[in-house]
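Listed below, chain by chain, are the residues.
Protein chains: 2
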Amino acid sequence: MELLKRRIREDGQVKGADVLKVDSFLNHQMDIALFVEIGKEFYKRFAHCGVNKILTIEASGIGVACITAQFFHCPVVFAKKSKTSNLDDRLYHAKVVSFTHATVSDVVVSRDYLGPQDNVLILDDFLANGEALRGLLDILRQAGSQVVGAGIVIEKAFQPGGAQLRREGLRVESLARVASMSEEGGVVFAD
Amino acid sequence: MELLKRRIREDGQVKGADVLKVDSFLNHQMDIALFVEIGKEFYKRFAHCGVNKILTIEASGIGVACITAQFFHCPVVFAKKSKTSNLDDRLYHAKVVSFTHATVSDVVVSRDYLGPQDNVLILDDFLANGEALRGLLDILRQAGSQVVGAGIVIEKAFQPGGAQLRREGLRVESLARVASMSEEGGVVFAD
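Protein chains in written order, with the numbering used here: chain Y, 2 to 192; chain W, 2 to 192.
Don't take each hint at face value.
In this list, chains with the same sequence are indistinguishable; a pair is considered to hold if it fits within one copy or across any two.
Said to hold, decoys possible - EDC-like cross-link-like pairs, simulated, lysine to aspartate or glutamate; straight-line CA separation at most 16 Å:
no., residue 1, residue 2
1, LYS82, GLU59
2, LYS81, GLU59
3, LYS22, ASP113
4, LYS6, ASP32
5, LYS81, ASP24
6, LYS22, GLU11
7, LYS6, ASP192
8, LYS41, GLU3
Since the hints were made in silico from the structure, they are not lab data.
Between the sequences and the hints, there should be enough to build the whole structure, so can you do that?
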């Protein structure tokens with residue numbers, strides 16, 4: 002998506018080897034006009050897939066998911082990061098291992114809002130090692146929902162998550178795929 | 002807002018003395034068609050106030066804020082709940098005291114995204130004791146931004162936050178004001 006790549010080139014900041022700071026427009030301040038274009042692009046790629054629900058994870062996926070849902074005319078469910086590892090049987094639970102932060106956290110979704118009748122599009126702002134996505138897929142497996150695919154705003158294609166998940170058969174559509182980046186050279190896109 | 006009150010009556014669940022569970026449409030599963038109507042209503046109330054930025058707090062305010070921002074044609078900034086009380090001088094910090102959870106947490110916003118040039122509408126899903134709103138007001142005071150007012154989806158008017166903040170001069174527009182509620186009697190609205 003050219004508009005998005007241009008924005009990343011102009012306003013993204015590379016920090017160290019693997020941090021791409023885009024909080025001026027994506028995940029702290031949010032440029033809603035850009036989100037509308039992102040939503041249209043996701044719709045173009047996943048229209049006619051029968052999506053009846055969008056699943057994302059708090060907090061920074063929520064904005065893109067809500068704007069995009071307007072095009073699909075469907076509700077959004079966001080998975081919550083749980084502080085307490087409570088074994089509440091009204092919830093689906095998944096563990097999300099973060100290599101980056103060296104933590105394991107629990108994400109939860111109420112059983113009331115996902116089930117076998119759902120045809121789900123997963124949306125998130127970033128894909129790197131794929132931990133969050135694996136957590137959401139685990140929850141959808143528990144729910145017996147169909148997974149249409151995953152829509153990602155920025156994929157760090159030099160980290161293994163996207164390639165692995167595609168090999169496993171998941172349809173992953175990333176609007177900008179970063180092939181490599183550095184503080185000096187900036188961002189190089191994969192396509 | 003009649004549509005919202007009807008939805009609360011139909012799908013809200015009162016738990017104990019002061020929990021109103023609306024996670025089937027507001028803060029876990031999100032009914033985006035309803036959010037669009039909520040956004041239009043906020044726009045009606047705050048149009049012509051020169052709003053150039055919307056401020057909310059993660060996670061459950063983000064959806065309503067993003068959908069509403071489309072009508073104001075402005076970006077959204079969301080305050081982040083910080084785990085670490087780090088004294089990063091690139092951030093505005095505020096303490097949010099939660100009576101409900103008996104906790105004090107830190108919320109932060111980057112100094113890059115709020116300043117004296119901003120005319121800010123605060124949006125949030127709930128107003129009860131007003132702690133989150135006070136934290137956001139503190140951040141806006143530090144930033145030197147103008148505060149247009151606060152738009153709230155559901156105000157628990159039997160808790161003191163809204164009345165206190167209005168007495169202090171803040172314009173608070175709540176789309177549904179709950180006067181009282183109980184598991185047996187359901188929800189009674191203030192107007």
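Against the structure, the hints:
no.: 1; hint: LYS82 - GLU59; verdict: both (7 Å within a copy, 12 Å between copies)
no.: 2; hint: LYS81 - GLU59; verdict: both (6 Å within a copy, 11 Å between copies)
no.: 3; hint: LYS22 - ASP113; verdict: between (35 Å within a copy, 13 Å between copies)
no.: 4; hint: LYS6 - ASP32; verdict: within (14 Å within a copy, 30 Å between copies)
no.: 5; hint: LYS81 - ASP24; verdict: between (21 Å within a copy, 12 Å between copies)
no.: 6; hint: LYS22 - GLU11; verdict: within (12 Å within a copy, 43 Å between copies)
no.: 7; hint: LYS6 - ASP192; verdict: within (10 Å within a copy, 49 Å between copies)
no.: 8; hint: LYS41 - GLU3; verdict: within (13 Å within a copy, 31 Å between copies)
When held up to the earlier numbered hints, the structure conflicts with none and fits them all.
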